[in-house]
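Asks: Sequence:
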Amino acid sequence: IGSQNSTAEDLHAFMTGLNERLSSDMTGISKISVQTGTTHGGIVLPDGSISEVKLDFENLKLLSDVCREDYGLAGAVQHGASTLPEEAFHKFVECNTAEVHLATQFQNIIYESAHFPASLKMRIYRWLKENLSGEAKESWTEEQFYYKLRKKGFGPFKKEIVSLPKETRDAIAFEVETKFDFLFKQLNVANTKDLVNKYCSKINIE
Numbered sequence: 120i121g122s123q124n125s126t127a128e129d130l131h132a133f134m135t136g137l138n139e140r141l142s143s144d145m146t147g148i149s150k151i152s153v154q155t156g157t158t159h160g161g162i163v164l165p166d167g168s169i170s171e172v173k174l175d176f177e178n179l180k181l182l183s184d185v186c187r188e189d190y191g192l193a194g195a196v197q198h199g200a201s202t203l204p205e206e207a208f209h210k211f212v213e214c215n216t217a218e219v220h221l222a223t224q225f226q227n228i229i230y231e232s233a234h235f236p237a238s239l240k241m242r243i244y245r246w247l248k249e250n251l252s253g254e255a256k257e258s259w260t261e262e263q264f265y266y267k268l269r270k271k272g273f274g275p276f277k278k279e280i281v282s283l284p285k286e287t288r289d290a291i292a293f294e295v296e297t298k299f300d301f302l303f304k305q306l307n308v309a310n311t312k313d314l315v316n317k318y319c320s321k322i323n324i325e
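Take 120 as the starting number for the sequence shown in the working numbering and just add one per residue.
None of these hints come from the bench; they were simulated from the model. Keep in mind that the hints are not guaranteed to be accurate.
Claimed, not checked - Straight-line C-alpha distance at most 35 Å; calculated DSBU-like pairs for lysine-lysine:
{"#": "1", "residue 1": "Lys180", "residue 2": "Lys210"}
{"#": "2", "residue 1": "Lys270", "residue 2": "Lys285"}
{"#": "3", "residue 1": "Lys321", "residue 2": "Lys277"}
{"#": "4", "residue 1": "Lys317", "residue 2": "Lys267"}
{"#": "5", "residue 1": "Lys312", "residue 2": "Lys180"}
{"#": "6", "residue 1": "Lys150", "residue 2": "Lys277"}
{"#": "7", "residue 1": "Lys180", "residue 2": "Lys270"}
{"#": "8", "residue 1": "Lys317", "residue 2": "Lys150"}
{"#": "9", "residue 1": "Lys240", "residue 2": "Lys278"}
{"#": "10", "residue 1": "Lys248", "residue 2": "Lys173"}
{"#": "11", "residue 1": "Lys210", "residue 2": "Lys317"}
{"#": "12", "residue 1": "Lys317", "residue 2": "Lys304"}
{"#": "13", "residue 1": "Lys240", "residue 2": "Lys298"}
Start from the sequences and build out the full structure, keeping to the hints where you can.
Replies: Okay, structure coming up:
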């Protein structure tokens with residue numbers, strides 16, 4: 120997405136180039152990711168805390184409006200929203216944001232939950248250190264290393280995580296569900312089952 124905020128000129132240039140290259144039998148894009156001041160997973164400080172994010176909502180609305188009005192897209196996609204303060208989320212609706220990425224937020228809830236076994240977390244961190252040290256940048260502290268790469272710890276320890284006692288899994292799931300409930304209301308997607316079913320078909324997987 121880049122390190123500088125996207126502009127309407129950037130968006131027009133990209134879409135012009137894309138449309139010139141699309142043949143008649145190809146389907147174009149429905150949304151587009153832009154930079155408005157965030158980074159994936161947030162900006163991690165040397166002590167492991169997260170830097171305050173200053174997101175340019177005015178720019179996000181401008182870019183979403185250009186997407187919708189000039190190119191018939193759903194709007195702009197906001198990455199790196201996991202570390203925004205709770206009072207900011209209702210603004211995405213006002214900005215006609217098409218999509219908001221929040222994976223890191225739910226990952227953090229799981230890892231930082233008081234119900235997540237400390238011994239399992241230590242084993243995951245040890246595995247990260249033994250197997251992924253080569254992915255660390257020289258400037259990273261140990262805290263930054265674990266925060267940035269612990270997303271890769273779920274796969275190798277999937278069996279252990281899903282095999283935790285039911286009461287432990289339920290307690291963590293409740294914390295995640297509480298956050299989902301908040302976000303659904305802030306992003307104005309509550310009670311939209313009928314709308315979703317109108318455009319999306321359920322696929323059963325055996």
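Asks: Taking each numbered hint in turn, which are not upheld by the structure, reported in ascending numerical order?
Replies: Of the numbered hints, just 4 does not hold.
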